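Generate the whole structure from the sequences, applying the supplied hints.
There are 2 protein chains.
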Amino acid sequence: MTTTAKLYDELIEQLQKVTLLKSCSELLCWDEQTYLPAEGAEHRASQLSLLAGIAHEQATTPRIGELLSELEAAGDTGDVDSPLAVNIREARRNYNRATRLPKRLVEETSRVISLSQQAWVSARKESNFATFLPWLEKVVALKREEAEAIGYGDGIPYDALLDEYEPGASSAEIEASFSALRDELVELVAAIRESGKQPDISILTRSYPIEAQRTFGTAVARQIGFDFNKGRLDVTAHPFCMGVGPGDCRLTTRYDEHHFPGAFFGTMHEAGHGIYEQGLNPGAYGTPMGESVSLGIHESQSRMWENLVGRSRPFWSCFYSTAQKNFPEALGDVGVEDFYAAINDVRSSFIRVEADEVTYNLHIMLRFELEKPLISGDLSPADLPEIWNESFTKYFDITPPNDSQGCLQDIHWSAGLIGYFPTYALGNMYASQFFATAREELGDLPECFGRGEFAELKSWLNSNIHMRGKQFRAHRLVEVVTGEPLSHEPLMQHLHAKYDALYGL
Amino acid sequence: MTTTAKLYDELIEQLQKVTLLKSCSELLCWDEQTYLPAEGAEHRASQLSLLAGIAHEQATTPRIGELLSELEAAGDTGDVDSPLAVNIREARRNYNRATRLPKRLVEETSRVISLSQQAWVSARKESNFATFLPWLEKVVALKREEAEAIGYGDGIPYDALLDEYEPGASSAEIEASFSALRDELVELVAAIRESGKQPDISILTRSYPIEAQRTFGTAVARQIGFDFNKGRLDVTAHPFCMGVGPGDCRLTTRYDEHHFPGAFFGTMHEAGHGIYEQGLNPGAYGTPMGESVSLGIHESQSRMWENLVGRSRPFWSCFYSTAQKNFPEALGDVGVEDFYAAINDVRSSFIRVEADEVTYNLHIMLRFELEKPLISGDLSPADLPEIWNESFTKYFDITPPNDSQGCLQDIHWSAGLIGYFPTYALGNMYASQFFATAREELGDLPECFGRGEFAELKSWLNSNIHMRGKQFRAHRLVEVVTGEPLSHEPLMQHLHAKYDALYGL
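Which chain is which? The protein sequence lines are A and B, in order. For the first sequence, my numbering assigns the number 1 to the initial residue and increments by one for each residue that follows. For the second sequence, my numbering assigns the number 1 to the initial residue and increments by one for each residue that follows.
Don't take each hint at face value.
In this list, chains with the same sequence are indistinguishable; a pair is considered to hold if it fits within one copy or across any two.
Said to hold, decoys possible - No farther apart than 30 Å at their CA atoms in a straight line, the calculated lysine-lysine pairs in the DSSO-like style are these:
id, residue 1, residue 2
1, K325, K498
2, K22, K197
3, K125, K394
4, K138, K22
5, K394, K138
6, K103, K17
7, K325, K197
8, K6, K17
9, K103, K22
10, K498, K458
11, K197, K394
Derived by calculation from the structure, the hints in this document are not laboratory data. This structure is a prediction, so every number in the text was calculated from the model and none was measured.
Have a look at this one:
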């Protein structure tokens with residue numbers, strides 16, 4: 001065994017331990033959102049803080065630094081895209097980030113975001129921003145401290161946080177790509193509005209019994225390729241997907257008897273994330289080669305299954321009769337074309353996760369514009385509801401009636417996930433670009449969907465994206481897979497192809 | 001601050017960390033039994049093994065040994081029953097036990113019992129002992145190694161394991177008290193058989209819709225004092241209670257539409273454990289003063305609520321009409337006396353957890369007799385089904401038709417819980433002795449139950465037992481609370497008072 005091989009094995013063992021420990025925290029977080037008794041929150045916060053502290057200690061153990069330095073100095077790690085080189089590159093990045101964070105800050109953040117999420121659940125339920133404000137202030141202060149500790153270029157502390165979720169991205173680049181997208185989206189939204197066409201969306205708020213929603217959503221998630229022997233679907237206030245580890249990936253959704261799309265497309269969305277997690281290389285578990293690229297790439301998978309598959313006409317050619325059988329009262333007298341038009345209705349609405357494909361990205365841009373000043377200090381948390389409503393009115397021409405439908409709607413900030421939102425819009429762009437290539441390479445994808453066959457697309461994603469782990473950073477992965485750098489054009493092409501037809505533009 | 005106070009504070013901090021870390025493992029174990037996807041077992045085993053290793057490292061850190069030695073040498077810990085003296089005494093016991101176990105053995109045991117429990121679930125379902133045997137062999141080998149590492153007196157390795165669950169107990173003492181109890185039980189069982197009376201137990205296997213069982217069981221658990229803001233009730237193959245930490249106590253049960261007593265008395269039983277956990281002093285969490293005394297004392301609480309309360313005549317004076325409302329088809333035409341007789345039917349049966357109060361202890365004695373030779377090596381795991389069935393036939397005069405109803409019925413051995421069973425019979429003895437004292441001190445307990453009032457008994461248990469934590473070892477607690485050493489007489493008095501009347505003896 002060469003010296004390099006020995007050092008590398010030791011490094012891998014260290015990394016796997018840290019991942020395994022973090023996966024324990026993940027399960028505790030999942031439980032916190034799903035089944036934790038009301039008065040167990042304080043104890044859960046203590047557990048998570050302790051685990052975060054130990055994981056941080058292990059992730060920053062000087063031995064990892066030594067191993068990395070020796071491996072880097074040895075220089076015989078082969079091709080830059082080899083598993084060995086990739087694991088060393090990403091381990092270095094993680095180690096540098098982690099060692100810059102004091103343990104006290106890690107533990108304190110873990111503790112605060114655990115309690116703060118509980119506070120958010122109540123605040124959202126009662127639409128009471130005041131009870132959440134002290135927690136938001138704590139979270140923002142901690143995230144600012146984190147940005148300072150990590151460091152950033154261009155004088156933009158927000159970039160230090162963004163980089164956590166989308167390695168290598170900067171707010172300047174995102175602003176540039178958002179700006180191109182924004183203009184074309186606003187134009188499309190206006191054209192749709194002026195078309196005068198409005199599908200009858202009241203059919204989606206008829207009575208859809210929750211048990212039937214669960215049955216139908218689960219069956220569809222299984223059919224598109226989510227493996228329930230290696231995962232579950234539960235109910236939470238805010239839907240999410242958590243890849244706890246090999247063989248254990250957990251999706252959540254929320255049901256509303258009088259809103260079919262919420263849970264259904266939510267389930268498709270989370271199943272898309274889940275299919276990514278289940279498609280990672282289990283043999284590389286615990287190392288960067290066994291991990292997802294970035295949140296943007298993750299989101300590209302969920303949005304692809306949710307929108308490019310789940311809201312497509314061929315998909316419903318296959319599933320509509322089953323949907324009618326599951327919801328005879330709601331859909332018995334509705335034709336598939338009316339249903340397809342309704343689930344693709346485009347109009348301004350308050351809730352991001354229920355927004356249509358076209359306006360969705362505007363919701364993201366609004367949040368991106370508020371996050372940066374929250375972190376720079378130019379926006380005080382106390383002013384958030386007012387600024388949110390102002391910006392919202394500017395973007396959407398409607399004003400949220402309360403904070404539950406405004407700035408309290410998302411769990412992210414309560415969970416310390418600042419810098420996370422822009423990855424959603426990046427995900428939409430990645431999704432369309434990947435999907436265009438998949439269609440080119442696989443040919444008859446829509447016809448497959450019409451027959452209820454999704455294995456071809458899933459395998460393509462497995463080999464082109466999932467199994468590669470963190471081999472390439474997001475921007476390079478896009479180039480490797482699609483042959484082109486990231487562009488907003490495939491997204492706009494998809495939107496025009498679909499909505500020009502639906503709205504006769 | 002005195003030197004002792006400073007050392008003591010540091011010790012407490014160390015102990016709390018270990019408890020908190022173990023509570024993370026507990027949540028993972030709970031999830032493993034309730035919601036873990038089938039293929040997540042391997043990863044869960046790795047998680048639990050890692051946490052067990054870290055907890056063991058922390059529990060055996062030499063600093064704890066130093067702190068204990070300095071505190072013991074200082075000698076100013078006050079009264080032997082003071083919180084300070086108790087915490088030091090019990091911390092010393094735990095430290096000595098823990099430091100005798102090599103980390104490798106702890107990790108390996110954690111890993112094996114996690115996988116072995118999964119194997120047991122399948123083996124029990126298919127009544128296939130052969131698939132469980134290799135796991136049982138691994139578990140027994142590890143537990144023998146554990147006994148050797150811990151050490152034992154009297155040449156009985158089993159005692160080293162027993163002491164884990166019932167500190168200070170020995171198999172010789174247990175044998176003595178079982179032997180006195182056995183003779184009187186066998187006599188009572190014979191008298192009941194000879195009475196010729198047999199209640200109509202077919203009413204208990206009519207159709208009891210599971211949703212109604214859940215509603216009724218939950219309502220009763222709440223009314224006797226289990227706080228659902230600080231706990232939950234879920235479904236598992238083998239029911240248990242897990243006190244994860246302050247504000248988070250989890251009960252489980254299993255429902256069978258055609259067997260009312262299983263889930264109902266199972267829920268009462270686990271709620272009894274839960275009331276103990278919820279009654280511990282949260283201010284002492286993480287230290288011995290905030291922990292339960294022993295498994296025997298824990299079982300005294302569950303058996304008290306299950307049998308002395310839940311199977312009593314006054315209890316059903318209060319709840320029978322509600323039961324009839326919940327199960328109109330099954331109980332509409334059944335009078336309360338017939339129901340009371342049916343739930344107190346005494347006869348030989350295969351499943352311990354469904355056994356009546358009288359024969360139950362014989363199930364325990366059988367297991368106790370098999371565990372000792374399993375650990376000494378006189379009984380090979382492969383021979384277990386045969387010996388089980390032989391002993392069972394000797395004790396009960398019936399032979400299990402398969403291993404699911406025989407040696408595969410309990411989770412314990414798969415979970416490495418060898419030495420645990422005798423605490424169940426001890427629990428029955430403690431329960432009767434405590435309850436007799438409670439009745440003397442509180443006067444009108446049965447009248448309270450008849451009115452659906454349980455707060456008096458619960459408060460009495462809270463202050464006499466729960467809030468005391470580990471202040472006294474089990475045998476001393478019994479003396480302090482009841483004024484007498486442990487005896488099997490209160491149990492036999494209770495059984496005679498009840499069954500002599502029911503069977504006209």
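To see whether the hints hold, each was checked on the structure:
In the homo-oligomer, the alpha carbons of K325 and K498 lie at most 30 Å apart inside one protomer (27 Å), although the nearest pairing across protomers, at 57 Å, exceeds that limit. For a Cα distance limit of 30 Å, the shortest separation of K22 from K197 qualifies neither inside one copy, at 50 Å, nor across copies, at 60 Å. For a Cα distance limit of 30 Å, the shortest separation of K125 from K394 inside one copy, 26 Å, qualifies, whereas the shortest one across copies, 61 Å, does not. Taking identical chains as interchangeable, the C-alpha atoms of K138 and K22 lie at most 30 Å apart whether they share a chain (23 Å) or sit on different chains (29 Å).
Within a single copy, K394 and K138 get their C-alpha atoms as close as 29 Å, which meets the 30 Å cut-off; across copies the closest is 68 Å, which misses it. For the homomeric pair K103 and K17, the shortest alpha-carbon distances inside one copy (18 Å) and between copies (16 Å) are both at most 30 Å. In this assembly of identical chains, the alpha carbons of K325 and K197 lie at most 30 Å apart only when taken from the same copy (29 Å versus 55 Å across copies). In this assembly of identical chains, K6 and K17 lie within 30 Å of each other by CA distance solely inside one copy; the values are 17 Å within and 34 Å between copies.
In this homomeric assembly, K103 and K22 come within 30 Å of each other (Cα to Cα) both inside a single copy, at 15 Å, and across copies, at 21 Å. Within a single copy, K498 and K458 get their C-alpha atoms as close as 22 Å, which meets the 30 Å cut-off; across copies the closest is 66 Å, which misses it. In this assembly of identical chains, the alpha carbons of K197 and K394 lie at most 30 Å apart only when taken from the same copy (23 Å versus 83 Å across copies).
The structure fails hint 2 only (numbered hints given earlier).
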